[in-house]
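The hints should help you fit chain H onto chain U, whose structure is shown.
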Amino acid sequence: MFKKITFISVACLVSACASTPEVIQQPQTASAPIPAPVIQAPEPVQSAPVQNSQPLSDLSAFEPAPVPGSMDDFIYQSGEDRVYFGYDRFDLNETSRAVLRKQAEWLKNYTNVSAVIAGHADERGTRNYNLALGARRADSVKDFLVSLGVNPRRLTSVSFGKERPLDARSNENGWAKNRNVHTNLTSGLNTNPAF
Amino acid sequence: MQNWVLSTLTVMMLFVTTGFLTPAHARLQVDITQGNIEPMPIAIPDFSGADRQIADLGRNISDVVRNDLERSGLFKPLDPAAFIAGQSDINYQPVFSDWRVIKAEALVVGQIVRETETNFRVEFRLWDVFAGQQMTGLRFSTTPDNWRRIAHKVSDAIYEQLTGEQGYFDSRIAYIDETGPKLDRRKRLAIMDQDGANKETLSTGSNMVLTPRFSPNGKKIAYMSYESLIPHVYLFDLEGGQRELLGDFPGMTFAPSFSPRGDKIVMTLSRRGNSDIYLMDLASRSTQRLTSDPAIDVSASFNPTGQKLVFTSDRGGSPQLYTMNADGRSVKRISFGKGRYSEAAWSPRGDLIAFVKSYKGEFSIGVMKPDGSGERILTTSYLDESPVWSPNGRVILFSREIRGSGGKNQVWSVDLTGRNLRKAPTRGSASDPAWSPLLP
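Residue numbers (my numbering), protein chains in the order written: chain U, 2 to 196; chain H, 551 to 990.
This is chain U alone, in the form it adopts within the complex (with noise of 0.2 Å):
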């Protein structure tokens, strides 16, 4: 849209015209009209993890928005699958609480959806306590998506470890990254039409 007014001459704006500053003409696309906006389907919200397992970046605004229902539209509408957790912690932020506000209710609207909550713990800590941490960031999850009314049977909580990273960094940003629980949904799912 700034186009429109890339052919106003900024020559002189600064320096060269000092002695006879030239006028500004004004766009001359002010007799044309401005127009409408375009509307685009939002950027997904996309907050720490730039490398996300799933495709985010295919939603560009040309494409039609996900299929209500499908894993595209879980991430869609929740922002993210994925909360993430200070080192050595289970505790739930406020950003992942948010989060998991709208997955919980992504997921009391399709009731048919189960999902298996998977605990992940970065590679800095032995093997056995990893998984035995994200047995607890898992089941946080699962105990706050159940008390916000999403039945506990259609959760599975599991445990990775430090098994499954999703940042192959071994930095802090990494590790940060690979601190997560993920709503992986398993069933129930609408899917996209064949093209």
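Please keep in mind that the hints were generated in silico from the structure rather than gathered at the bench.
The beta-carbon is built from N, C-alpha and C at its ideal position, and this holds for glycine as well.
Keep in mind that a hint or two might mislead.
[Said to hold, decoys possible] Here are the computed distance ranges between Cβ atoms for each label pair:
| # | chain 1 | residue 1 | chain 2 | residue 2 | range |
| --- | --- | --- | --- | --- | --- |
| 1 | H | 680 | U | 88 | 56 to 62 Å |
| 2 | U | 80 | H | 833 | 49 to 55 Å |
| 3 | U | 103 | H | 855 | 51 to 57 Å |
| 4 | H | 733 | U | 112 | 29 to 35 Å |
| 5 | U | 153 | H | 777 | 20 to 26 Å |
| 6 | U | 99 | H | 746 | 50 to 56 Å |
| 7 | U | 106 | H | 833 | 36 to 42 Å |
Chain H in isolation, oriented as in the chain U frame:
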């Protein structure tokens, strides 16, 4: 699997030492109590054989023995090229001066004798070169396909005579074989001889498997597998090749370990997010809950009498080591150093507990006494974890991840004094080692 049972193995003492014992002579022995010892120079000429086939066998056996002893870090097998004389008949006394000249302190002479078409005999004598005395002489009778195990038994006999401790060479190592990139790793249960020979994979890799542990008779391996949605502990039978799910638990089970008699398995059950330690009787499959704290309780390991367990708990705010009686009573914290402690493994000798300590961004393998005193750090890296003991309680195997290696793990070994750090001879990337008992 054919090497598992030495059905035809017989061991005999070779003719009681001939002649003059000098009681005043201090027995030849490697000093294994000090931190920085010189490996003992030992001469091991190729075992001789009357025809080409058994001479080849003799050479192969000697190679394995030399390699075993060298890898222990306690011995320096001398280069056979330096030997002045060989010995074709081990029933004559060696010419000790020939061995003293090349500074050999111990000498092993051996020969292979054909007994029948299908059987042969390995005989060897271990000599104290300076005293001119035989320390031991043994004879093994077996079939040719068992030659590696015979070689390891020869190594064990030599080690035992010269260190005063039981050997560990005739044993196997189970581990998790790792392939693929960090974000798509495939983990398979694998096994090999202690020296890296006879490698086999025991699972296909379609399900992730973790943390194998041998039964005390070496015939079974308990491990964790993701073959169902909720992962559980399974039991694998090495002789029959079949596996079974252990128990019908309402949550994830993991971190298995056998009791010293092999009749029970201790493991962790995670239920509603809370991990506690349970004991299962293998015959009745009845279970007993040993911890009921709301904190994480995990990674239990028995002491050799089966009366106590060491485990990891974060009930005090961070993961630390605790001991308890086998019924769950008398819980006592034993780790008080700076840092976070986990993955304790009680030595089969009972005198030490190996553990992982993480402190200031690094992970170490260390040992402490069962009361928590005498902590010593043996190794440190970006990530050292999963310590297990050799059957004689002398060597610790552990997993090491090297930073910047794309998460690649290797299995390493270290002596309990912190010496002799070596990479274990797994095929490629590997983690979660387990060490079998000494084979029968």
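To see whether the hints hold, each was checked on the structure:
1. Against the hinted window of 56 to 62 Å, the Cβ-Cβ separation of residue 680 (chain H) and residue 88 (chain U) comes to about 59 Å, which satisfies the hint.
2. For the pair residue 80 (chain U) and residue 833 (chain H), the beta carbons lie near 53 Å from each other, so the given range of 49 to 55 Å is met.
3. Look at residue 103 (chain U) against residue 855 (chain H): about 55 Å separates their beta carbons, and that is inside 51 to 57 Å.
4. As the Cβ distance of residue 733 (chain H) to residue 112 (chain U) is approximately 33 Å, the hint placing it in 29 to 35 Å holds.
5. For residue 153 (chain U) and residue 777 (chain H), the Cβ-Cβ distance of about 24 Å falls inside the hinted range of 20 to 26 Å, so the restraint holds.
6. The supplied range of 50 to 56 Å is met by residue 99 (chain U) and residue 746 (chain H), whose beta-carbon atoms lie about 53 Å from each other.
7. Roughly 51 Å separates the CB atoms of residue 106 (chain U) and residue 833 (chain H), a value that falls outside the hinted 36 to 42 Å.
Checked against the numbered hints given earlier, this structure breaks only hint 7.
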